[in-house]
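Could you put the whole structure together from the sequences, leaning on the hints where they help?
Heads up: the protein sequence lines correspond to chains S and U, in order. Each residue of the first sequence is one higher than the last, beginning at 311 in this note's numbering. Each residue of the second sequence is one higher than the last, beginning at 117 in this note's numbering.
Derived by calculation from the structure, the hints in this document are not laboratory data. Worth double-checking, as some hints may not be accurate.
[Claimed, not checked] Distance ranges between label pairs, derived from CB positions:
id, chain 1, residue 1, chain 2, residue 2, range
1, U, Gln228, S, Asn562, 58 to 64 angstroms
2, S, Glu325, U, Leu212, 19 to 25 angstroms
3, U, Leu212, S, Ser371, 55 to 61 angstroms
4, U, Asn205, S, Asp512, 49 to 55 angstroms
5, U, Lys234, S, Asp512, 58 to 64 angstroms
6, U, Leu212, S, Pro370, 58 to 64 angstroms
These figures come from a predicted structure and were not determined experimentally. Don't be surprised by glycine CBs; every beta carbon is placed ideally from N, CA and C.
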Amino acid sequence: MSALKEEEIFLKKIEEETKIEPKDWMPEAYRKTNIRQISQHAHSEIVGTLPEGNWIGRAPSLKRKLILLAKIQDEAGHGLYLYSACETLGITREETINDLHSGKAKYASIFNYPTLTWADIGAIGWLVDGAAIMNQVMLTRTSYGPYARAMVKICKEESFHQRQGFESLLVLSKGTTEQQQMCQDAINRWWWPALMMFGPKDSESTNSDQSMKWKIKRKSNDELRQNFVDMIAEQIKFLGMKLPDDKLKWNNKKKQYDWGEINWEEFWNVIKGNGPCNFERVAARKKAWENGEWVRQAAVAHSNKSKTK
Amino acid sequence: MKQFINKFYYGDIPESNSGNSIISTESKTDWPLWEVFLRSKQGLDHKHTGSLHAANAQMAIENARDVYTRRMEGVSIWVVESKNIHASNPDESESLYDPSNDKIYRHASFYQLPDELKHM
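And the structure:
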């Protein structure tokens with residue numbers, strides 16, 4: 311079949327909302343965009359466990375420790391679903407991981423911020439997972455089959471993450487003055503980085519346009535970001551806390567919230583690797599990979615030995 | 117060890133037809149890829165749910181339990197090494213599946229029966 315005909319069939323499938331499966335013909339750029347986006351997403355799940363792991367040993371109660379452990383185990387599983395989806399596009403697991411370690415591949419910048427207090431764990435669940443869910447719900451309808459299926463699994467599990475975070479903050483918001491201050495402080499520090507999770511403005515996003523045409527993405531960065539603001543601005547009322555934005559105000563004409571401006575200089579700076587924890591996060595991943603090498607080798611040796619028996 | 121990996125690991129489709137090229141990779145450990153099938157409850161079929169890497173079948177089952185059944189999604193797990201799965205070729209789907217389109221007499225709804233004849 312000629313390449314032209316192949317492309318026609320491909321575009322028709324996209325048009326008709328038929329999912330693209332691993333063995334179907336696809337343009338090389340479609341493959342590459344998916345590899346980039348899915349692996350980036352996978353890395354984010356894995357790196358995202360680091361700031362939370364910081365608090366397992368210091369969780370305030372056994373209940374909170376169990377919840378946090380379960381959440382972190384979920385994130386690691388989500389990383390695996392996504393790495394697997396990525397592999398169907400013809401890149402090996404090891405190549406993907408090497409790209410993270412070498413700095414070639416990115417992960418969500420939000421995880422380059424530190425978790426200073428226990429309230430940060432609640433704020434991450436509510437705001438960071440909340441922002442991730444907006445994106446992930448959209449991605450359950452993405453055009454690449456394995457990615458969409460991974461997203462369906464992830465979304466099912468992710469809603470517990472956001473709810474436990476909000477509930478944890480709810481407890482703090484009804485606690486002592488000190489606990490209330492801790493809650494507000496965590497919200498202050500995580501709000502803007504959470505908004506940055508949706509990526510650059512539509513006018514500056516280099517990847518969005520073609521991704522929308524191929525239905526890899528279904529909504530623009532700004533659209534999702536606005537949905538998120540509208541959702542959180544309502545939810546925060548139950549906490550009796552405030553979002554750190556003087557310009558946040560309901561706009562009755564537009565039926566959505568008006569709000570301030572992201573510090574884009576900070577955004578690009580963290581992406582370029584100059585965030586508070588960039589170095590630490592990648593170093594932790596490399597260390598885990600290197601320290602695990604003997605385990606991987608031993609498992610292969612054991613498997614080979616049992617085969618010859 | 118230098119190893120050549122078919123981009124999709126499984127299936128019988130020659131590379132030239134699947135729109136991909138063979139890539140090579142250096143790997144010290146090369147745990148094979150496994151496909152995971154779950155029976156969600158007794159009496160139902162096993163259904164494909166995902167994949168993972170493991171050194172052997174036992175490890176694949178243990179990892180599948182940890183990754184794919186954390187919320188009671190399954191009561192039984194099958195794992196199959198991906199390279200052992202043979203798949204039909206999407207390019208041939210027309211010739212494979214089209215012939216069943218014009219055999220509507222294979223469906224119960226094809227037969228017009230009197231209304232009085234209930235429950236058939």
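Note to self: Quick check on a hinted range of 19 to 25 angstroms for S/Glu325 and U/Leu212, using CB atoms only.
What the structure shows: The hinted range 19 to 25 angstroms holds for S/Glu325 and U/Leu212, with Cβ atoms some 23 angstroms apart.
Notebook entry, point to check: If you check the beta carbons of U/Lys234 and S/Asp512, does the distance land in 58 to 64 angstroms?
Noted result: Hint holds: Cβ distance 60 angstroms, inside 58 to 64 angstroms.
Margin query: Just to be sure I understand the hint, the distance between the Cβ atoms of U/Leu212 and S/Pro370 should be within 58 to 64 angstroms; is that true here?
Written below: holds (60 angstroms)
Notebook entry, point to check: Do U/Gln228 and S/Asn562 keep their Cβ atoms within the hinted range of 58 to 64 angstroms?
Noted result: Holds, at about 60 angstroms.
Notebook entry, point to check: For the pair U/Leu212 and S/Ser371, does the Cβ-Cβ distance stay inside 55 to 61 angstroms?
Noted result: The hint (55 to 61 angstroms, Cβ to Cβ) holds, given that U/Leu212 and S/Ser371 are roughly 58 angstroms apart.
Next item on the list: Return holds or violated for the Cβ distance of U/Asn205 and S/Asp512 against the range 49 to 55 angstroms.
Entry: Given a distance of about 40 angstroms, which is not inside 49 to 55 angstroms, the answer is violated.
Hint compliance for this structure: hint 4 is the single one not met.
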